[in-house]
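Colleague: Model the placement of chain B on the given structure of chain A, informed by the hints.
Read top to bottom, the protein sequences are chains A and B. Residue 55 in the numbering used here sits at position 55 of the first sequence, with consecutive numbering throughout. Residue 13 in the numbering used here sits at position 13 of the second sequence, with consecutive numbering throughout.
Where hints are given, some of them may not hold.
[Said to hold, decoys possible] In the BS3-like style, the derived pairs of lysine-lysine whose C-alpha atoms are separated by at most 25 Å in a straight line are:
id, chain 1, residue 1, chain 2, residue 2
1, B, Lys76, B, Lys128
2, A, Lys64, B, Lys102
3, B, Lys154, A, Lys177
4, A, Lys177, B, Lys128
5, A, Lys148, A, Lys239
6, B, Lys119, A, Lys177
7, B, Lys119, A, Lys196
8, A, Lys149, A, Lys236
9, A, Lys199, B, Lys182
10, A, Lys196, A, Lys177
11, A, Lys199, A, Lys177
12, A, Lys199, B, Lys119
13, B, Lys154, A, Lys196
14, A, Lys148, A, Lys241
15, A, Lys149, A, Lys238
16, B, Lys154, A, Lys199
17, B, Lys234, B, Lys48
18, A, Lys239, A, Lys149
19, B, Lys128, B, Lys48
20, B, Lys183, A, Lys199
21, B, Lys119, B, Lys48
22, B, Lys154, B, Lys128
23, A, Lys177, B, Lys102
24, B, Lys102, B, Lys128
25, A, Lys238, A, Lys148
26, B, Lys154, B, Lys234
[Unchecked claim] Between beta-carbon pairs, the in silico distance windows are:
id, chain 1, residue 1, chain 2, residue 2, range
27, A, Leu67, B, Gln134, 33 to 43 Å
28, A, Leu67, B, Arg265, 32 to 42 Å
29, B, Leu44, A, Met223, 53 to 63 Å
30, A, Leu49, B, Leu44, 51 to 61 Å
31, B, Phe62, A, Gly230, 33 to 43 Å
32, B, Phe62, A, Ala222, 23 to 33 Å
33, A, Ala216, B, Gly112, 40 to 50 Å
34, A, Leu67, B, Gly87, 27 to 37 Å
35, B, Glu263, A, Val53, 30 to 40 Å
36, B, Glu165, A, Thr191, 25 to 35 Å
37, A, Tyr247, B, Leu283, 54 to 64 Å
38, A, Met223, B, Gln121, 41 to 51 Å
39, B, Asp114, A, Lys199, 30 to 40 Å
The hints are simulated quantities; they were obtained by calculation from the structure and are not laboratory data. On a predicted model such as this, the values are computed, not experimentally measured, just so you know. Glycine included, each C-beta is placed from N, C-alpha and C at the ideal position.
Listed here are the chains, written in short residue letters.
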Amino acid sequence: MLKDVTFGQYFPGNTIVHRLDPRTKFILTIIYITALFMASALIARLLMLVVLVTCLILSQIKLKVALSGLRPLFFILLFTLILNIFFVKGETILFEYRRIVISLEGILAAVFNASRLIMLIVGMLLLTYTTSPISLTDGLEHMLNPLKKIRLPVHELTMMMSIALRFIPTLIEETDKIISAQKARGADFDTGGLIKRAKAILPLIIPLFVSAFRRADELALAMESRCYHGGEGRTKMKKLKTAPRDYFALLFGAAVVAAVVVLGQFNPWSI
Amino acid sequence: MLSRCMTYKLLDGAVAAHGCLAPSRCMTYKLLYTLLCGKDDLLLPLLKTEQLTHTYSIDTPFEHIAICDVDFEVEKGEYLGIIGHTGSGKSTFIQHLNGLLKPTSGRVYFNGADIHESKLQTRNIRFKVGLVFQYPEYQLFENTVFDDIAFGPKNMGLSEGEVSERVIEAAGFALLDDALLKKSPFELSGGQKRRAAIAGVIAMRPEVLILDEPTAGLDPRGRAEIIGNIMNYKHAHDATIIMVTHSMEEIARNVDRIVIFEEGRIVMEGAPGSIFSDSERLLAMGLSAPKAALVAQRLHAMGLPIKRDIYTIPQLRQAINDLKGGGKGA
Numbered sequence: 001m002l003k004d005v006t007f008g009q010y011f012p013g014n015t016i017v018h019r020l021d022p023r024t025k026f027i028l029t030i031i032y033i034t035a036l037f038m039a040s041a042l043i044a045r046l047l048m049l050v051v052l053v054t055c056l057i058l059s060q061i062k063l064k065v066a067l068s069g070l071r072p073l074f075f076i077l078l079f080t081l082i083l084n085i086f087f088v089k090g091e092t093i094l095f096e097y098r099r100i101v102i103s104l105e106g107i108l109a110a111v112f113n114a115s116r117l118i119m120l121i122v123g124m125l126l127l128t129y130t131t132s133p134i135s136l137t138d139g140l141e142h143m144l145n146p147l148k149k150i151r152l153p154v155h156e157l158t159m160m161m162s163i164a165l166r167f168i169p170t171l172i173e174e175t176d177k178i179i180s181a182q183k184a185r186g187a188d189f190d191t192g193g194l195i196k197r198a199k200a201i202l203p204l205i206i207p208l209f210v211s212a213f214r215r216a217d218e219l220a221l222a223m224e225s226r227c228y229h230g231g232e233g234r235t236k237m238k239k240l241k242t243a244p245r246d247y248f249a250l251l252f253g254a255a256v257v258a259a260v261v262v263l264g265q266f267n268p269w270s271i
Numbered sequence: 001m002l003s004r005c006m007t008y009k010l011l012d013g014a015v016a017a018h019g020c021l022a023p024s025r026c027m028t029y030k031l032l033y034t035l036l037c038g039k040d041d042l043l044l045p046l047l048k049t050e051q052l053t054h055t056y057s058i059d060t061p062f063e064h065i066a067i068c069d070v071d072f073e074v075e076k077g078e079y080l081g082i083i084g085h086t087g088s089g090k091s092t093f094i095q096h097l098n099g100l101l102k103p104t105s106g107r108v109y110f111n112g113a114d115i116h117e118s119k120l121q122t123r124n125i126r127f128k129v130g131l132v133f134q135y136p137e138y139q140l141f142e143n144t145v146f147d148d149i150a151f152g153p154k155n156m157g158l159s160e161g162e163v164s165e166r167v168i169e170a171a172g173f174a175l176l177d178d179a180l181l182k183k184s185p186f187e188l189s190g191g192q193k194r195r196a197a198i199a200g201v202i203a204m205r206p207e208v209l210i211l212d213e214p215t216a217g218l219d220p221r222g223r224a225e226i227i228g229n230i231m232n233y234k235h236a237h238d239a240t241i242i243m244v245t246h247s248m249e250e251i252a253r254n255v256d257r258i259v260i261f262e263e264g265r266i267v268m269e270g271a272p273g274s275i276f277s278d279s280e281r282l283l284a285m286g287l288s289a290p291k292a293a294l295v296a297q298r299l300h301a302m303g304l305p306i307k308r309d310i311y312t313i314p315q316l317r318q319a320i321n322d323l324k325g326g327g328k329g330a
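Excised from the complex, chain A in its bound form:
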């Protein structure tokens, strides 16, 4: 059921990846994404794959869990594959029927681009799998701090974000409960045409919104009664501290980028 949705969920653990400072992880993720897009040479791409797999092994996230996060993006992946296979023109033609032409280059491009997408998503999921929502937004707030100078309400924005993240599991649970309750009254969410299904979703969406507003109201009241008044002069219980491992991790990231650039220069086999 919905409870098994793992997209963007945090899996508690105590590995080196979990212990890294959230800011480091943010920067590394950005570096990783950049490097991934620079790595158009096969050998560079393989290096990125090795890096990703190493991080996965270090974080002790099971491969099955990591890949299950791809499920919601299945159609995008499929679309990428089809688009590349049919529309990339190449010289080595494998199959031809009227105007449908499939070439070896097309298939290679499809695999190449889909693999980039998969690696991109798994890499970003690794961040949310190993970082609790609280420290994620804490890190973000720290990194965006300079923007306070231009009057951007950084604290409020990150607070909103952490509340939103905090309520995702709650709302999933709530949705699950409402689905069960309406199913117990014979509601049918899985069959019928588009219009019937859209109508079937009403008994789910209305109670969900009602309870989301109720929760928001209660939370606001609870925060108010604990004297919350925004970020002004607010102290932190857990101060973010960088450790030597953070610097090593950043160094490692820089080394990977350098390697990708160098490998791209020397290896002509690229798409």
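Modeller: Using the frame of chain A, we list chain B on its own:
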């Protein structure tokens, strides 16, 4: 002719009098009943589970066995109470009884047929085994209370006339008058909302009505009203009631049989008298017994000739009066 429930009650009384709890009550009683009444219709309980096991989030770090090897039976017309700590698996368990959750292993039978035999079968079971969740008022969504109660019967594919007849009957059990039926469910008071939500399930005329803590968070009057609604329905349709609750007093007053869940298993089972006579064990499990049972057992421990299986106030009053009468006589 003795009904099954009555026989069970009599047998429970006999067992309690001997001061022992039968561990495999169902089988033993069935044999006795068959012997006593010469009938074997018992071999088909209304609702039955076999070796029911459910594991949540298999293959993730959150994997968790919620219920484990539960064998359970309930008879037609029985009023059954389920007690257990938060997280003891009782909510997971009841969601198996109407096919909302699919067992990881084990089976559920309704009238002898496996409820997961076909998709159609599973859907039909939902109407025969009505399940009222905790805080059911959060599931109200229609424009009027009437429409909301009609949601279940409509899904059954009944005719308009039949639907409104059922809504009116269910509203009658739930003591909701015509003026209330025309209102939006969001305008009602907490207790009224709860009653409307329960009526929404009752309107399907389920043979088994399962309620998960139907009185949680209500004031004493609201609680009494809900219990009254349930009893109205039970008497009118000879329905089987399964009620999950934390309130020992509530359970003591009504039920025929109690099942206690702990860590995903049924650990105790029997008539209220025999269950509550072992209040030490209940307390050790973090549960409690009705106050009357606690008082009776304290008096018993003090050496007074009071039976340990007393659990309601009237019983206790009677016993104490008898004791006083006996004292005067001597």
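Colleague: So, against the hints stated earlier in the document, which numbers end up violated here?
Modeller: No numbers; nothing is violated.
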